[in-house]
Structures are given as C-alpha cells and as structure tokens.
Amino acid sequence: MNEDTAGNIWMGTDVGLFRLDHETMRLSMPYDLRGVVSAIYRDIQGKLWVGMDNRVYRFSADGSQMEETYDGLPCQRVNNFYADKTNGVYALLNGKLMKRGADRKFNEVMLSQPVNPMAMAKDASGGLWIATWDKGVVHYDAATGKITEQPVTRTTRDKDCCLSMLIDSRHGLMWVTTQDNLWVYRISGQELLPYETTHFLPEGNKILDILYEDREGNIWVSGFTPTTFVVSSNKTQVKRMEVNAMRDLTGYPLLPDRMIINGADYWIHQGRVGLMHYNSKTRQLKTVGNGAYGKCIEPDKSGQGLWAARGNSLVRLVHNQGIKETPVAELTETITHIADNGKGILHIGTDGGLYEYSLTGKRTKKLCGTQAPVEDIALCGDQLYFIARQKGLFKIPTKGGTPSYLAMSPFLSALSANADGTVWTVGKDGNVHSLRHDTLSRDGMMSNSGEVFIDVMCDRRGHVWILSNQRVREYNPENQAFRTIRTTDSPINVSLFYHLEEMQGDSIGIDGTGAICIAPSSPELDRQSFSGQMPRVTAFLYGDSLSIVDSRTDRIDIPAGSGTVSLYLSTFDIFNADKICFAYRIEGINQDWIYLPQGVNTLYINNLTKGNHKLHLRSTDGSGCWKEGESVILLHRQSFWWQEWWAVFLLTATAAVPLYCLWLVSTRVHKLRQIQRQRQDLALREIAVPSQQELIAEKDKEFLALAKNHVEQHITDPQYNVEGLASDLCMSRSNLLRRIQSLTGLSPVEFIRDIRLKHAAKMISEHPRLAMSEVAQRVGFATPSYFAKCFKKRFGILPTQYANRRNTEDNARNAEF
637 MNEDTAGNIW MGTDVGLFRL DHETMRLSMP YDLRGVVSAI YRDIQGKLWV
687 GMDNRVYRFS ADGSQMEETY DGLPCQRVNN FYADKTNGVY ALLNGKLMKR
737 GADRKFNEVM LSQPVNPMAM AKDASGGLWI ATWDKGVVHY DAATGKITEQ
787 PVTRTTRDKD CCLSMLIDSR HGLMWVTTQD NLWVYRISGQ ELLPYETTHF
837 LPEGNKILDI LYEDREGNIW VSGFTPTTFV VSSNKTQVKR MEVNAMRDLT
887 GYPLLPDRMI INGADYWIHQ GRVGLMHYNS KTRQLKTVGN GAYGKCIEPD
937 KSGQGLWAAR GNSLVRLVHN QGIKETPVAE LTETITHIAD NGKGILHIGT
987 DGGLYEYSLT GKRTKKLCGT QAPVEDIALC GDQLYFIARQ KGLFKIPTKG
1037 GTPSYLAMSP FLSALSANAD GTVWTVGKDG NVHSLRHDTL SRDGMMSNSG
1087 EVFIDVMCDR RGHVWILSNQ RVREYNPENQ AFRTIRTTDS PINVSLFYHL
1137 EEMQGDSIGI DGTGAICIAP SSPELDRQSF SGQMPRVTAF LYGDSLSIVD
1187 SRTDRIDIPA GSGTVSLYLS TFDIFNADKI CFAYRIEGIN QDWIYLPQGV
1237 NTLYINNLTK GNHKLHLRST DGSGCWKEGE SVILLHRQSF WWQEWWAVFL
1287 LTATAAVPLY CLWLVSTRVH KLRQIQRQRQ DLALREIAVP SQQELIAEKD
1337 KEFLALAKNH VEQHITDPQY NVEGLASDLC MSRSNLLRRI QSLTGLSPVE
1387 FIRDIRLKHA AKMISEHPRL AMSEVAQRVG FATPSYFAKC FKKRFGILPT
1437 QYANRRNTED NARNAEF
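For the sequence shown, the numbering used here gives the first residue as 637, with consecutive numbering after it.
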C-alpha cells in the first residue's frame, strides 16, 4: 500500500492495482491494471512507482495520470523500488539491481558479487545499504559497485533472508525484518553493530513482514506472530532511581513512607525499619536513631540537613562523615508535622496544637490548640493553613490567635500553597478543592470519587501535582491542561505510589515501591492550546447494533426506541489514546462541560428526546493541553410512526368523533333534567311551600356555622382537634368526617386548620408588625415553623412575606396621604 498526494490509498493485490478514494471511500481500478502487483513506492517528488510482473508504471503525484510505462524487465517480479535525493530510481528484482538512466530506461547495475535485493536505504552519511534474500544486509558502494557483507547479519540461515529494511529518521538506526525476527543495528561507517532490543521486544522467533516509519518517527511492524505492532520512542523524561542496598540490608525493596534527597544524601523513612541514610556516591546505607524517628521529616531549607521528630523532640540531622544528631527543641506534645518557611521559622504541628519555633531566637511559641493531630501545614502569605485529623481545614495568622474554621471534612489528607495565593487540598473521598480568598471550590476536572488522594504539591511553575496510589496528575489550573503518570508507565514500573517530595529546580519526587521517580515539571502544559485533529464521533451503539460514522459527518441519526446510546469518540491519535481527555455538553440538557475520565472515549446518552440536539465536544492532546475550539455534532433522534404529525392528527381525529358524540348526548340529557327541575320548582312555588333542597341547604348552613363557632371558641387551644369538635357537636368521629367532607370537600382536620389560618391571615392583615410566633400561638399552632409551613401551603406565601407586603402597602398609603 501507499498514499498519493491527494490522500488516496493505492493497494497492490494478486489480481490488480486498486485505489481507495479518501472522500467517498469507494474502491476502484482506475487504470484497469490486472495481475500480481509486487511493489508500490512513492519517491521524493511524490511520484508513484508500481511493479507488476515484469513491468513498471509511473504515476503522477496525485495519481491522476499514468506518466511512464516500462516493459520487458529481465525478471518476472519487482521486489521493491528505491529513489535517492537526485531522484535516481532503482528497481530491485530477483537476482538483479537496476537503475533508471537518463534514457528513461532501467539498466542493470554491475555489482562485485550477485545479490538478491529486497530493500534499499541510505544512511545519514550517504552510505547505501541493501537488504538481501540470501546474504543478510550488505553495504553498497555506488561508485565502484562493491558489495561488503556484514557478518553480524548472517548468524543463521533464517537471518540471511531479509524481508524489509529501513533507517529511521529520529535515531539513524537500521531496522530489518528477516525470516525469524526483527533486528536493529547501529551504523558505524561501513559496519553494522548490534543494538539491544530486549527492553522493548519479547524474546523468541517471530513471523514478521513489512516495516514502515510514520511522520512521528514511530516504526510500524506488520506481523503474524506477534500481530502488527508499533515501536514508539519513549518520550517520558521521568528518571527512576533505585536503592538496591535497601534489599541487601533489610531484605525488603525500597518502600519509602517519606524520602528526602539532598544532593548525594538520601534520607529514607521505611515503615519496618525507621529512618535510614543512603549515600548515592558511596552506596552505603545505614539506619539512623535505631527506629526512634518517625516519618515526620522535613528538609532544612537553610542548609543540607534535615529536621526530624523523635516523639516530642525536634532534632536536626546532618550527614558529614557520619550522622550528627542535634536536639533543637522539646515540646509537651508528640510532633506530627514540620514545615520550614526558609526564613528561620519552623511551624510544628503536634497531636494537640500548632507551634512556631524561631531558629534565631531559639524560642518555641504556641500559636493555637487543635484538639486533634495536625496532618499537614501550608504557609500562604501571613496565614497558616492546616488540616486537623477528622476535623477539617483551618487557618490562623502566623502571629497566632484563634483558628478560623474553613471546611469540615474527615477525609482531607494533604494541602499545598501555590505561588498565586491559592491553597489546594485533596481528600481520601476523591475530591480536590482550591481555596482562594477563603472561598473553597471543588475542581471538577481533577476530582474523582473512585480514587483515594493521599498527597498534593505545587511546583515552581504553578502546576498542581495530585497523587493516589496508582497515578500522579500534573495539572495546570490556568488552562486546565494536565498529564498523568501511572505506576505502570515505562520506565517507572512500580507497584504503588506513596508520597510527593519537593526537589531542586522544577522537578517533583514521587516515592514508589522499589524506587523514587524524579519527574520534571512539563512546559507542555503551559501551552494555551494545541493544533490537531478535532474530536469526532467514529461509531455509535444502540441495542446490539453498531453503526460506523464517517469522520466528516456533522449529523448522526439515532433510531427511535433505543434507550441508551453509546457514542465512541476519537482524535485519531493512537499513540496517546490513553492520555487524551474528552469533554462534552448537549445544548438544552447540560449547562456545564462534563469531563470523561482520561483515556475513556465512550459517551453514554440516556433517554434522548425526539428531535435535534447539538452535541459539543472538546479534547486534549497527549500532553494534556485542550484544543482551542470545539466540534459540534447534530444528534437527530428519530420518532416512532405514532409520534409523527400525521399520526397524531389521525389518532386525535379518531378519538374526537366518539367524544363529540358523547358530549352531544350529555348536553341533551343535562337540558332535559334542567327543564324537569324548572317544572317541579314552578309547581312548588304555586303552593307556597319551601323546597326540600332549600330546607336541606338551610340546615347545612346552620351545621357549618355551629361547627365553625366551636372551632373559633377554642382557636387558641393547640390541643383542640377532631375528637373535641365531634364531642361538641354530639357526633361520632366517622359521622363528622362524612358530614364535613360532603359539605366542604375538606376533612375535619383540614376544616379546623383552614379556620385557624384564615383567622391568622386576618390578624396579620390588621396587625402586620405582630410577631409571627405570637400569631401562631393566638390561632392554636404549637410551633411557628409548622404555622409558617401550613400558611405557605394554604396561601402560597410565607406569613412574614405577607406581613412585609402589608407593611409596604400601609407605608405607601401614609406617604400618599
């Protein structure tokens, strides 16, 4: 296969030459060339060369014209082509090497010994190399025709038989596939030297084929076993540092709870051993303090020493031809955290308070009590921020005083102050918060309820590093760009992360199982945006049906009846797919952007209503920078047939006919009954006898008036209820319920409450400045809150609002008067 300048893909097969149109995705045979195509090559000018049987064809760069044809080559198969910078074109045939001359004919090149060429390449110094089928890789001198064999490529029979070869543009290494494996060589003049591949290739024989280098310098290896794979250069700058002496001394690998590096001095606290010192120059490891020191250690910012806690004692440790331990201060409580501000002041957290120690005055001052152990301390301006275990986040002026409560959370685990005055906190509940001007805001981009965050640190670039056991995120809050470092990344390869350490320069140390990893702050995250492929929907799944979406389409039709629709997103960056983050929002449904977890490219949409919906998409690149702009996809949810306008009209008309007939009948019956009642009333009036309905209505009015009178007599009594009313009316509770409900539509409870509320409304209207608690008491409500709730439900307004409105009206009338 190869690609022309128009973006079309040319494919050689056993039956002929095909072209795949990049716009229509249709396959065709534009020149009707039939036969076995053995080679397709694109030269420096973009021209396409095709080898078919014993013929060679040349096409224009865009594939629109067949420019030259060469017949009668002395061999039935063209293995490959090669073109140098002068555009001299070589044809590699079985047993022959031919070159296109000025006469536009292919002429055989005279070689010092016969070879069967399969591929050809030029190195950085201009040397030509030929991969052969029978002699491995040989060096070719174009001036003399001399062939120089390379013994390193001829150790086995299968290794002699080369299939493909290239010299990569990034490192200048030679890559060769043979009958049994992939081999890599360094080029030294006219000699090839073996290059170690065990760190990226599995051992054992392999069945491989063609090699290809893409624009990014990645090497694509087509294969059968293993299947096709890509060798990508390791772009990470993370440095992995091991302390092998730890296993020799303790029997355990490096498992640092805390680790501080001062030049060649490594101060390591390991749970089962305690504090240890390792010198990277002498590679000597020794214990410090016989396990007396805890993991509460902090670098001395005024020198090369270390501050350490031994119970309630503050000690300075220095390595200078031995470990020197200097007691500094004694506190009355156990020390849990130390913070050095670099200006001669130490802030010390204990299991019950926060202290300040002056290195110049050698005095200890208690700033405040905390009632819980201090987990972490951060200095921001003239304020100290600290986390009290199981209590939350507090701040206090550096001069001391009463701590101010900022956030109550038992899950907070660490905090760090950024140079811009923002304090960042992380929690074991997966939440990340930023505190600025005493306003705590949850960061939706970094928060993840499925993670336990154990440490946070701000570097000199203003980036925020957030650590869990399995990954570290470096985050730029200014543009929301971020990158992720995982325990499984090469060359990190640790089981767990434990802690973040401040390093010299722009780097951050990451304590891990077996090693500490030094990661420099990424300048890539400071870019405002990146230029690249916009995110697209490549496929969508509804039910069991998967539909492929053309990458250029701006509309997706979703069939009716599908509940959950899965949309698959891509930026077509296969090497960074696990590092890319997508965000989306649907107009009319989502006000804010919804961020998918990094590496997740599936978007689930539930119960999308019929009609058109605009889906907005954003994405990052592999470095974590967000693309400027967004993609907009129109999602058209198709409707069922019975949701179409004509179906709705037909169903409405079908239902309207019997309803209209029923309405006519009911209207006629109502008129007949009305005429009958008029005749009866006329007859009764003629004999001057009151109607039974009037008599009944009069009795009902008397009953309701009597019931209302009883309620009003007891209106201040909150204990007066349905039983009291039934007793006053000499009725059973059930008879009272039926009588009240038939006359008013209310239950007795609602009847009593309604009378109380109407009296309350009248009282507020006449006396708007009366306290609501007094109003509630006068109308028989036990609590003002319940009174307010019932008042709001009955009249749609709170009693205080109603009183304010009456006050406003009275004031307006007085002003007008």
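Among the clues, some could well be false.
Said to hold, decoys possible - Only pairs whose alpha carbons sit at most 20 angstroms apart, straight line, appear in this in silico PhoX-like list of lysine-lysine: (1) Lys721 x Lys758; (2) Lys1035 x Lys979; (3) Lys937 x Lys842; (4) Lys1344 x Lys1398; (5) Lys922 x Lys960; (6) Lys922 x Lys875; (7) Lys937 x Lys922; (8) Lys1001 x Lys960; (9) Lys1035 x Lys1064; (10) Lys960 x Lys1002; (11) Lys937 x Lys960; (12) Lys1398 x Lys1425; (13) Lys931 x Lys979; (14) Lys1263 x Lys1337; (15) Lys998 x Lys1031; (16) Lys1001 x Lys979; (17) Lys1035 x Lys1001; (18) Lys795 x Lys721; (19) Lys1394 x Lys1429; (20) Lys795 x Lys735; (21) Lys1398 x Lys1429; (22) Lys1263 x Lys1215; (23) Lys735 x Lys758.
The hints are simulated quantities; they were obtained by calculation from the structure and are not laboratory data.
Verification of the hints:
Using a Cα cut-off of 20 angstroms, the hinted pair Lys721 and Lys758 holds, with the two alpha carbons roughly 10 angstroms apart. For the proposed pair Lys1035 and Lys979, the alpha carbon gap of about 15 angstroms is at most 20 angstroms, so the pair holds. For the given pair, Lys937 sits about 55 angstroms from Lys842 by alpha-carbon distance, which is inconsistent with the 20 angstroms threshold. At roughly 16 angstroms between alpha-carbon atoms, Lys1344 and Lys1398 fall within 20 angstroms of each other, so this suggested pair holds.
For the proposed pair Lys922 and Lys960, the alpha carbon gap of about 13 angstroms is at most 20 angstroms, so the pair holds. In summary, the hint linking Lys922 to Lys875 is not supported, as the alpha carbons are separated by about 24 angstroms, beyond the 20 angstroms threshold. Proposed proximity of Lys937 and Lys922 is contradicted: the alpha carbons are some 23 angstroms apart, above 20 angstroms. Proximity of Lys1001 to Lys960 is assessed by CA-CA distance (about 26 angstroms); at most 20 angstroms being required, the pair is judged violated.
This hinted pair does not check out: Lys1035 and Lys1064 have alpha carbons roughly 31 angstroms apart, beyond 20 angstroms. A C-alpha spacing of about 28 angstroms is found between Lys960 and Lys1002, which places the hinted pair above 20 angstroms, so the restraint is violated. Simply put, Lys937 and Lys960 have alpha-carbon atoms about 17 angstroms apart, close enough for the 20 angstroms limit, and the pair holds. Between Lys1398 and Lys1425, the direct Cα distance comes to roughly 17 angstroms. Compliance with the 20 angstroms bound is thereby established for this hinted pair.
The hinted pair formed by Lys931 and Lys979 fails the criterion: a straight-line CA distance of about 23 angstroms is larger than 20 angstroms. Between Lys1263 and Lys1337 the CA atoms are separated by roughly 76 angstroms; this puts the pair beyond 20 angstroms, and the hint is violated. Our distance criterion of 20 angstroms between C-alpha atoms is broken by Lys998 and Lys1031, whose separation comes to about 24 angstroms. Taken as a hint, the Lys1001 and Lys979 pair is honoured in the structure, with Cα atoms around 16 angstroms apart against an allowance of 20 angstroms.
Between Lys1035 and Lys1001 the CA atoms are separated by roughly 10 angstroms; this keeps the pair inside 20 angstroms, and the hint holds. Taking the CA atoms of Lys795 and Lys721, the gap is near 30 angstroms; set against the 20 angstroms cutoff, the hint is violated. Restraint check: the Cα-Cα separation between Lys1394 and Lys1429 comes to about 13 angstroms, which is no more than 20 angstroms; the hinted pair holds. The suggested pairing of Lys795 with Lys735 is violated, with an alpha-carbon distance near 27 angstroms, which exceeds 20 angstroms.
For the hint pairing Lys1398 with Lys1429, the CA-to-CA distance comes to about 17 angstroms; that is within 20 angstroms, so the pair holds. Simply put, Lys1263 and Lys1215 have alpha-carbon atoms about 14 angstroms apart, close enough for the 20 angstroms limit, and the pair holds. Annotation: proposed proximity of Lys735 to Lys758 holds, straight-line Cα distance about 15 angstroms (limit 20 angstroms).
In summary, the structure is inconsistent with hints 3, 6, 7, 8, 9, 10, 13, 14, 15, 18 and 20 from the numbered list given earlier, while agreeing with the others.
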